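Enquirer: Chains as they are written, first to last, in the working numbering: chain A, 1 to 277; chain B, 278 to 376.
Everything labelled a hint here was simulated from the structure, so no lab data went into it.
All values reported here derive from a predicted model rather than from experimental measurement.
There's no promise every hint is true.
To be verified - A partial selection of chain A residues facing chain B, derived with a Cβ cut-off under 7 Å: (1) Glu117; (2) Leu118; (3) Arg121; (4) Ala125; (5) Ser165; (6) His178; (7) Pro180; (8) Ser184; (9) Ser199; (10) Glu204; (11) Thr207.
Even glycine gets a Cβ: it sits at the ideal position worked out from N, Cα and C.
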Amino acid sequence: MARNDVLVDADWVEAHLDDPKIVLVEVDEDTAAYDKNHIRNAVRIDWKRDLQDPVIRDFVSKEKFEALLSERGISNDDTVVLYGGNNNWFASYAYWYFKIYGHDNVKLMDGGRKKWELDSRELVADVPDRPKTTYKAKDANNDIRAFRDEVVASIGVKNLIDVRSPDEFSGKLLAPAHLPQEQSQRAGHVASAVNIPWSKAANEDGTFRSDDELKALYTEEGVDFGKDTIAYCRIGERSAHTWFVFHELFDLANVKNYDGSWTEYGSLVGVPIEKDV
Amino acid sequence: MCGAPDQATISREGIPTGETVVQGLVYNGDSPVSGGYVRLLDSGGEFTAEVVTSATGQFRFFARPGSWTVRVIPGGGHSGGEAKVEVAQGEISEVRISV
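Go ahead and model the full structure; you've got the sequences and the hints to work with.
Expert: What follows is the structure in structure tokens.
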């Protein structure tokens, strides 16, 4: 994959707003954002309600994913372009999720909703009426998803990249600072993990840095590109952003997102944690 | 700060007890900036969080004690701006930023 295959800019999106085979999808944690306004013809996927099982902590089933995309009017041969708030964290998570269920023709809009708003581009309240489809997903491909046992076995072996902020990594904060800090899990990071915050991969307007800048960043931080890599954060959305850099922009094969992330790892009994405070 | 009107109140509703909070208002002239992007940078200048201002121009971060920089990203019809702020354990520090 080249950068142009996986990432489109706002101008490209504006030029394709009326293309029926390109489906623009806003993915947010804040459900009020889409209700207020969104890019014209964009449909909505709610990160929590649509992509998380309501009872156990996991994805929705393949059948539910099929029902979701069918209901949103997305066909197997449509090009899906994802964007969202929080610097595309949740859109990146959805990108990774679409790949797991086998929708290969998916792209991210660089900079997400923030870049679009900072550019003062058009936003509308009208919800598009897309006819329902019969979407067929593939069985989940877990080659790009890490689970806790693999993470524990990877300590000191693979690149473990903690993409949270320095204060979360060191244990001074338990959650990103837009959220209250009272959390049940322990503070700190997975033993042997390096801290390369997701924000270093992005410009202030939310767009990804250039390939050359990104390569230089991770090289300077000591990442060995010859090793397998697992990225994690608190719930797996910021690390999906870094997974996108490694797996999609760098085109590296053995890169996984650990979506259990710190909320799971920091609650496990007996696993190695390092903490700086 | 920087000439932003100081008569507008900053809501403290919804802050759990014991949280260390940096919050404030973003103004452009006499008007609150709604939908502005505000980031919290730690004492080393590293990104810690980002929020979008409310309809009344308010933002809030749940931080830890220390020195922070609050930075408003330019765009959406206004220039950027920033302010330094100190906050102690369990306290609420408030800052007004004019852009």
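Enquirer: Take the hints in turn and mark each one as holding or not.
Expert: Right, here's what the structure says about each hint:
1. For glutamate 117(A), the suggested interface contact is upheld, since its CB lies about 5 Å from the closest CB of chain B, less than 7 Å.
2. Hint on leucine 118(A) holds. Least Cβ distance to chain B is approximately 3 Å, under the 7 Å limit.
3. The criterion of a C-beta within 7 Å of any C-beta in chain B is not met by arginine 121(A), whose closest approach is roughly 10 Å, and the hint is violated.
4. The criterion of a C-beta within 7 Å of any C-beta in chain B is not met by alanine 125(A), whose closest approach is roughly 14 Å, and the hint is violated.
5. Taken as an interface hint, serine 165(A) checks out: its beta carbon lies about 5 Å from the nearest beta carbon of chain B, inside 7 Å.
6. Because the smallest distance between the Cβ of histidine 178(A) and any Cβ of chain B comes to about 4 Å, under 7 Å, the interface hint for this residue holds.
7. Interface restraint check: proline 180(A) against chain B, minimum CB-CB distance 5 Å, threshold 7 Å, status holds.
8. Evaluation of the serine 184(A) hint against chain B yields a violated restraint, the C-beta minimum of about 14 Å exceeding 7 Å.
9. With a cut of 7 Å, the hint placing serine 199(A) at the interface with chain B holds, because the nearest CB-to-CB distance is about 4 Å.
10. Taking 7 Å as the C-beta contact cut-off toward chain B, the hint placing glutamate 204(A) at the interface holds, the least distance being around 6 Å.
11. Nearest Cβ of chain B to the Cβ of threonine 207(A): about 12 Å, over the 7 Å cut. The hint is violated.
In summary, the structure is inconsistent with hints 3, 4, 8, 11 from the numbered list given earlier, while agreeing with the others.
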